[in-house]
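Novice: The residues making up each chain are set out below.
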Amino acid sequence: MATLLLVLDLTGTFVFALSGATAGTKRRLDLFGVLVLSFAAGNAGGIARDLLIDATPPAAISNWYYLAASLLAGMVTFWRPSIIDRLRNPVLLFDAAGLGLFAVAGTQKALVFDLNPAMAAVLGMLTGIGGGMSRDLLLTEVPTVLRSDIYAVAALAGAVVVVIGSAFGLPATAVTIAGAVLCFGLRLMAIRWGWHLPVARGPAPPDTPVSKEKKDDA
Amino acid sequence: MATLLLVLDLTGTFVFALSGATAGTKRRLDLFGVLVLSFAAGNAGGIARDLLIDATPPAAISNWYYLAASLLAGMVTFWRPSIIDRLRNPVLLFDAAGLGLFAVAGTQKALVFDLNPAMAAVLGMLTGIGGGMSRDLLLTEVPTVLRSDIYAVAALAGAVVVVIGSAFGLPATAVTIAGAVLCFGLRLMAIRWGWHLPVARGPAPPDTPVSKEKKDDA
Amino acid sequence: MATLLLVLDLTGTFVFALSGATAGTKRRLDLFGVLVLSFAAGNAGGIARDLLIDATPPAAISNWYYLAASLLAGMVTFWRPSIIDRLRNPVLLFDAAGLGLFAVAGTQKALVFDLNPAMAAVLGMLTGIGGGMSRDLLLTEVPTVLRSDIYAVAALAGAVVVVIGSAFGLPATAVTIAGAVLCFGLRLMAIRWGWHLPVARGPAPPDTPVSKEKKDDA
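Protein chains in written order, with UniProt numbering: chain A, 1 to 218; chain B, 1 to 218; chain C, 1 to 218.
One chain only, chain A, in its complex shape (with noise of 0.2 Å):
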């Protein structure tokens, strides 16, 4: 089991690492700076997340495999951009797994460290978007998590049913797949009907309805 979890936290890291690295390349970084947005997107919510539940050094830290995973993910990128042309259908599908699965991992890991479970719901939500956070506060650009489209809310969702399925006692192996699935699934259709939340009305200049680019003009 302890493989196993492994195994799918490294492939979240991975997948993760491949959206820092295709963001890095698109701004033209050099291989250096790919390199640090795929280690910053594949680990940045998880090394928050311990940092906060004072589980130090962090995981991404104390372990080289983290690293590994996601300077694999870099290189590729940077050396082979057409394999993740093609694979862009799929990685959309396993940064949805990778979301559910580090929602849920950091939840259960919150829960251990004895947070109160509203925080450890947060906490399990942050591993899960704080990696894309990072990755767009590095090239300066606001966080998509927080403008787009049913994302957070996902994780917020699986994190929340391993919390309840904590607190009734549940077995923790059938709660945290039912809260990845729930995750997964939520993501998909958000992306598959374009679900997104309420945006705040306010008093916008009409010439600029959500154009990020145009940002600071308002």
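No lab work stands behind these hints: they were computed from the structure.
This structure is a prediction, so every number in the text was calculated from the model and none was measured.
Quick reminder that beta carbons are idealized off the backbone N, C-alpha and C, glycines included.
Among the hints, erroneous ones may be present.
Stated by the list, open to error - Only part of the chain B face toward chain C is listed, based on derived beta-carbon distances under 7 Å:
no.	residue
1	T3
2	L4
3	L8
4	I53
5	N116
6	A118
7	M119
8	R147
9	A152
Stated by the list, open to error - Sample of chain C residues lacking proximity to chain B, with all beta carbon distances greater than 10 Å (derived):
no.	residue
10	I47
11	L51
12	W64
13	P117
14	L170
15	H196
What the hints assert, rightly or not - Calculated from the model, a selection of chain C residues having no Cβ within reach of chain A, i.e. all distances over 10 Å:
no.	residue
16	V7
17	F14
18	D85
19	F94
20	D95
21	A97
22	V142
23	V145
24	L146
25	G165
Got chain A; can you put chains B and C on it based on the hints?
Specialist: Showing chains B and C alone in chain A's frame:
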């Protein structure tokens, strides 16, 4: 006394969270993004302080009150922006009060964790200004506290009062109140009379006096 | 030896703080903003390393020398920019020296805290480049280290020398000096001959070759 401090602390969190939520709605984030901005603005200063002095898990993570206060502020701002508009002046007042409170409380906590006086004052100031900095960075804006009027200096002045009072063994309650009142008063006077710090001279191109807002047009 | 190391460490902090203060005055921050940039550029790398290896509170927080060195650099830059202008070439030299020193000292500290060799080298590199990254992020610029010439790689090379030397049980002083000199030399050669890493090819739109640099010209 502990209850009073918690109430004041949560009030400060609520007020700072209002500023985060307001900034988020202005930039057209979705509901989740607005709530993240609320939490970050209300709690990032305290979280950074707690991580740096090794008071982990940070109060804002181990305790759900801070999350609740932040979400409440975010939801009011999102669904009832008219209330916030009407409260603009009170919010500036509360913000000054929150700044004073966070600065002295942060300094006290750093002293309890045995930091030397100079760094305790710095961390008190960080507690006060960290939320606003993270709010601005998440929206990819240069933190206003780095370029605007007397804000950080007011927080620092309040923190220094606490440090000096503690060094002379004066009663903690009196010193805390004096520091908070000094910060609050300085901040109000800075707003009232437009006080600000000197800006670096240096060879800035003559057509861009302070024109940061234009930076993303390129 | 400990005194020598502290002097070198503070020299590195001072030099990096100069780079932060210079960047802050160029962007027209006020005095406080310039001092924050000085502290961040001089200390963020070491603080990040200390948080990640759980050496809390970080040296730059528990000890006021680092704050003093940073503030001194910031105030000189703010009030006597002409001195800094005249020292431009020495500063590049000092920056390379600071990079080498931070990289080897950071690696040594990570090894002392029982990190595995690969991650110790990564943290050594982070110690060297973290200050510059946080300086750029506070000014909402993509960190130059992610897109420019041989900088992080020089730090990594110095860190790797320390890790290998430590694995073979070579004398720490000799290994430390060798690593710092290698990093310093690589960095100077990269400046001299314009060495840089490959940049991702990928389908960049032809009208924006690398033109992100223009965003802050406004």
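Novice: None of the hints should be skipped; say for each whether it holds.
Specialist: The hints, checked one at a time:
no., hint, in the structure
1, T3, "violated (29 Å)"
2, L4, "violated (28 Å)"
3, L8, "violated (25 Å)"
4, I53, "holds (5 Å)"
5, N116, "holds (6 Å)"
6, A118, "holds (4 Å)"
7, M119, "holds (6 Å)"
8, R147, "holds (5 Å)"
9, A152, "holds (5 Å)"
10, I47, "violated (7 Å)"
11, L51, "violated (6 Å)"
12, W64, "violated (4 Å)"
13, P117, "holds (26 Å)"
14, L170, "holds (33 Å)"
15, H196, "holds (23 Å)"
16, V7, "holds (29 Å)"
17, F14, "holds (26 Å)"
18, D85, "holds (28 Å)"
19, F94, "holds (23 Å)"
20, D95, "holds (18 Å)"
21, A97, "holds (21 Å)"
22, V142, "violated (5 Å)"
23, V145, "violated (7 Å)"
24, L146, "violated (3 Å)"
25, G165, "holds (19 Å)"
Going through the hint list in order, the structure does not satisfy hints 1, 2, 3, 10, 11, 12, 22, 23 and 24.
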